[in-house]
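Protein chains: 2
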Amino acid sequence: MPKNQQSVWAEGTKVFMIEQNLLPFQYQIFESESYAETCRAIKEMITRGAGSIGAAAGFAMMQAAFEAPVNQYTEFIRKAKKEIEATRPTARDLFAATERVFLKAMISKENAAEEAQKIADEIAEAGRKIGIFGNELIHENDKILTHCNAGWLALVENGSALAPVYEAFRRGKNIFVYADETRPRAQGARLTAWELNRAGIEHAIIPDNAAAWYMSKQKINIVIVGADRIAANGDTANKIGTLEKAICAREFGIPFYVAAPSSTFDFECKLGEEITIEERAEEEVLYQTGPDDNNILHKIRVASPGSRAVNPAFDVTPAKYITGFITEKGILKAEELIKLKK
Amino acid sequence: MPKNQQSVWAEGTKVFMIEQNLLPFQYQIFESESYAETCRAIKEMITRGAGSIGAAAGFAMMQAAFEAPVNQYTEFIRKAKKEIEATRPTARDLFAATERVFLKAMISKENAAEEAQKIADEIAEAGRKIGIFGNELIHENDKILTHCNAGWLALVENGSALAPVYEAFRRGKNIFVYADETRPRAQGARLTAWELNRAGIEHAIIPDNAAAWYMSKQKINIVIVGADRIAANGDTANKIGTLEKAICAREFGIPFYVAAPSSTFDFECKLGEEITIEERAEEEVLYQTGPDDNNILHKIRVASPGSRAVNPAFDVTPAKYITGFITEKGILKAEELIKLKK
Numbered sequence: 001m002p003k004n005q006q007s008v009w010a011e012g013t014k015v016f017m018i019e020q021n022l023l024p025f026q027y028q029i030f031e032s033e034s035y036a037e038t039c040r041a042i043k044e045m046i047t048r049g050a051g052s053i054g055a056a057a058g059f060a061m062m063q064a065a066f067e068a069p070v071n072q073y074t075e076f077i078r079k080a081k082k083e084i085e086a087t088r089p090t091a092r093d094l095f096a097a098t099e100r101v102f103l104k105a106m107i108s109k110e111n112a113a114e115e116a117q118k119i120a121d122e123i124a125e126a127g128r129k130i131g132i133f134g135n136e137l138i139h140e141n142d143k144i145l146t147h148c149n150a151g152w153l154a155l156v157e158n159g160s161a162l163a164p165v166y167e168a169f170r171r172g173k174n175i176f177v178y179a180d181e182t183r184p185r186a187q188g189a190r191l192t193a194w195e196l197n198r199a200g201i202e203h204a205i206i207p208d209n210a211a212a213w214y215m216s217k218q219k220i221n222i223v224i225v226g227a228d229r230i231a232a233n234g235d236t237a238n239k240i241g242t243l244e245k246a247i248c249a250r251e252f253g254i255p256f257y258v259a260a261p262s263s264t265f266d267f268e269c270k271l272g273e274e275i276t277i278e279e280r281a282e283e284e285v286l287y288q289t290g291p292d293d294n295n296i297l298h299k300i301r302v303a304s305p306g307s308r309a310v311n312p313a314f315d316v317t318p319a320k321y322i323t324g325f326i327t328e329k330g331i332l333k334a335e336e337l338i339k340l341k342k
Numbered sequence: 343m344p345k346n347q348q349s350v351w352a353e354g355t356k357v358f359m360i361e362q363n364l365l366p367f368q369y370q371i372f373e374s375e376s377y378a379e380t381c382r383a384i385k386e387m388i389t390r391g392a393g394s395i396g397a398a399a400g401f402a403m404m405q406a407a408f409e410a411p412v413n414q415y416t417e418f419i420r421k422a423k424k425e426i427e428a429t430r431p432t433a434r435d436l437f438a439a440t441e442r443v444f445l446k447a448m449i450s451k452e453n454a455a456e457e458a459q460k461i462a463d464e465i466a467e468a469g470r471k472i473g474i475f476g477n478e479l480i481h482e483n484d485k486i487l488t489h490c491n492a493g494w495l496a497l498v499e500n501g502s503a504l505a506p507v508y509e510a511f512r513r514g515k516n517i518f519v520y521a522d523e524t525r526p527r528a529q530g531a532r533l534t535a536w537e538l539n540r541a542g543i544e545h546a547i548i549p550d551n552a553a554a555w556y557m558s559k560q561k562i563n564i565v566i567v568g569a570d571r572i573a574a575n576g577d578t579a580n581k582i583g584t585l586e587k588a589i590c591a592r593e594f595g596i597p598f599y600v601a602a603p604s605s606t607f608d609f610e611c612k613l614g615e616e617i618t619i620e621e622r623a624e625e626e627v628l629y630q631t632g633p634d635d636n637n638i639l640h641k642i643r644v645a646s647p648g649s650r651a652v653n654p655a656f657d658v659t660p661a662k663y664i665t666g667f668i669t670e671k672g673i674l675k676a677e678e679l680i681k682l683k684k
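In order, the protein sequences belong to chains B and Z.
Each residue of the first sequence is one higher than the last, beginning at 1 in the numbering used here.
Each residue of the second sequence is one higher than the last, beginning at 343 in the numbering used here.
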């Protein structure tokens, strides 16, 4: 059984995840019985967010180890690893998890299962610690801007960018969160708002276009976002729009923090420009899905027929715009990130 | 009868406008027989964009002059003026038009009608000249970013920000336009894309979040936007999100131009901070309307139930971020704007 706020978990060789495409309008648990199904779930964003993707990918490797025929054990797992890694190219946690579980699977499938669970537990625990460290940055009456969703839905449990918010709220601080809508998939309006509403934390959804305006009006004191992959120099790939918020935050002298577990840091990647940016289907921009007043879901066109769209899923924010990184090992500056390297 | 590309016009005391709330999915002409109906049309954004609002407001004043009872002529028109001015507080052209037609209405209703038509013609002609001046800034193979809709739909005819694009295209330049979606009302995805598609100009819709990323990748050479009101020092109120684009453009060394007729300049307003910013209903952020595959319109929720939104319609971009102003009198720097003052 899942804990109260858990986005991905395993029972035996079955993998479970909250169906995030249906949130906030429907709450369903998706159940995957094979690594191929788990791959599809990651690709279709049934689960999403760097940490949740990492945990799901680790579990998928475990499933592959249990599915692998004895006489083709290694080849099968190697092939599965490639398939899992092809689902979401930008998420660092995914590659970290597949690598770790793959190495253990070379010993035995039981070792693989143990390692996959360990990864999920580590990510959840990292979120808890990120909350404790990040809470120090949040002061009474702060108004916090966040982009996309980096809550517990995105990080197995606890969250990355939202973990400090949850911790500050638990400690009784009076805070307010502005959630960027985060077009095109609207993870801010759909998922972050859902999490905050569920937790009883005061918040408002803002159009992505409004962030700089509220910064200029001193309505935002601090920006905290998550990350999908962080290069050795601190350049950070995160949801498209993060770069705009970071540039504007610096312009207005507002601290801009990236919250992420060390599994999101990629020390083999020296610079942000080496990070592969996933391009997603234009349909995500041209159409939206949601319920009408009778709770019937419709997919509607929200753009001029005959026009095309482009849809880069992430951007890279150079380290110079980032005040600090909130990790499970403390709050670090870009030049201190080397401390995270094992 | 309207010309081919005309957003607002009058025949006698009837005012006609393209119903922009239904675009791009339905093309309908809205007909208003009274100043009160024209007020409602402006408020509900049946017509929108600074120039089109100005023309419609002038025509509304003309309608009021013809509706005014002889024994209460002045009081009636004075009251109508207040009502018209209460529809959209940020648009400078609206106040410029009501003032001009009001003064002529004090002579006779025929003078009011003549002045209202003159205003509409002047705005259209200003758009034509903005196109000719602005074309000089657009080079072969340029990729142009625009925000919101400042095409002919927004400016009676010709457009402001899009006028140079149309002119460059007519002269055979190879150009490409990135149209910001412009949430929450998506005037970029709905109206700018519709105009560009109709004109056969190559373009792509991008999520508002993607602009800085494309700037950082040198995919954008120039930014041109319209304006709703420009203060004497060049601070510019325009669609929410303009400030973000301007800050990012400066960061990446990309020229950022504001295109507007002189009727949008407000020399009584010294600084941007004096400009009233319209706050619109949160429903615009929380819901979207559009057709399904069978062309049936649905209004769907696109945000978490239980969460609220805030919706400032405009922001103010300080003059320091603006490379220049494309007006019907030439391209001016902020410190040269005084030349526009009559």
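Just so you know, the hints here were simulated from the structure itself, not pulled from any lab data.
Treat the hints with care, as some may be off.
[To be verified] Okay, derived cross-link-like pairs now, DSS-like style, lysine-lysine, Cα gap no bigger than 27 Å in a straight line: (1) Z:K561 x B:K217; (2) Z:K612 x B:K320; (3) B:K43 x B:K217; (4) Z:K561 x B:K270; (5) B:K270 x Z:K559; (6) Z:K612 x B:K299; (7) Z:K612 x B:K217; (8) Z:K612 x B:K333; (9) B:K329 x B:K341; (10) B:K219 x Z:K561; (11) B:K320 x Z:K675; (12) B:K217 x Z:K662; (13) B:K219 x Z:K421.
Numbers of the earlier hints that this structure fails to satisfy, in rising order
1, 2, 3, 6, 8, 10, 11, 13
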